[in-house]
Amino acid sequence: MRMWMVDPKIMCTNHLLGEHSEIHLFVWNIDAGHSVKGYIDKGLLEIHNLYHRHEELAQEGEGISIILN
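According to this note's numbering, the sequence shown is numbered sequentially starting from 1211.
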């Protein structure tokens, strides 16, 4: 799992959906009490940017027929 932090406007559908789903997995793991420290230490997760990144991806994915929320 990782946050790619690429401009969503240039992402293909597969990468857009992939990162969106990984953000939901991060949130699930955090809510379940699992450690995400390794992801943070390796620069794969910007915990302070999680909500904003989700909103960016969801907004860009609005035209995709799969529900993004």
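No lab work stands behind these hints: they were computed from the structure. One or more of the hints may lead you astray.
What follows is a list of derived Cβ distance ranges for each label pair [said to hold, decoys possible]:
no. : residue 1 : residue 2 : range
1   : Gly1243   : Asp1217   : 31 to 39 Å
2   : Glu1265   : Arg1212   : 15 to 23 Å
3   : Met1211   : Gln1269   : 18 to 26 Å
For lysine to aspartate or glutamate, the following EDC-like pairs were computed, each having C-alpha atoms within a straight-line distance of at most 16 Å [to be verified]:
no. : residue 1 : residue 2
4   : Lys1219   : Glu1270
5   : Lys1219   : Glu1265
6   : Lys1219   : Glu1256
7   : Lys1219   : Glu1272
C-beta: ideal position from N, C-alpha, C; glycine also.
For each hint, the structure was consulted:
1. Gly1243 x Asp1217: 31 to 39 Å: At 33 Å between Cβs, range holds.
2. Glu1265 x Arg1212: 15 to 23 Å: holds, 18 Å
3. Met1211 x Gln1269: 18 to 26 Å: About 21 Å separates the Cβ atoms of methionine 1211 and glutamine 1269, which means 18 to 26 Å holds.
4. Lys1219 x Glu1270: With a Cα-Cα distance of about 7 Å, the restraint between lysine 1219 and glutamate 1270 holds, given a limit of 16 Å.
5. Lys1219 x Glu1265: Distance of about 13 Å is within 16 Å: holds.
6. Lys1219 x Glu1256: violated, 20 Å
7. Lys1219 x Glu1272: holds, 12 Å
The structure fails hint 6 only (numbered hints given earlier).
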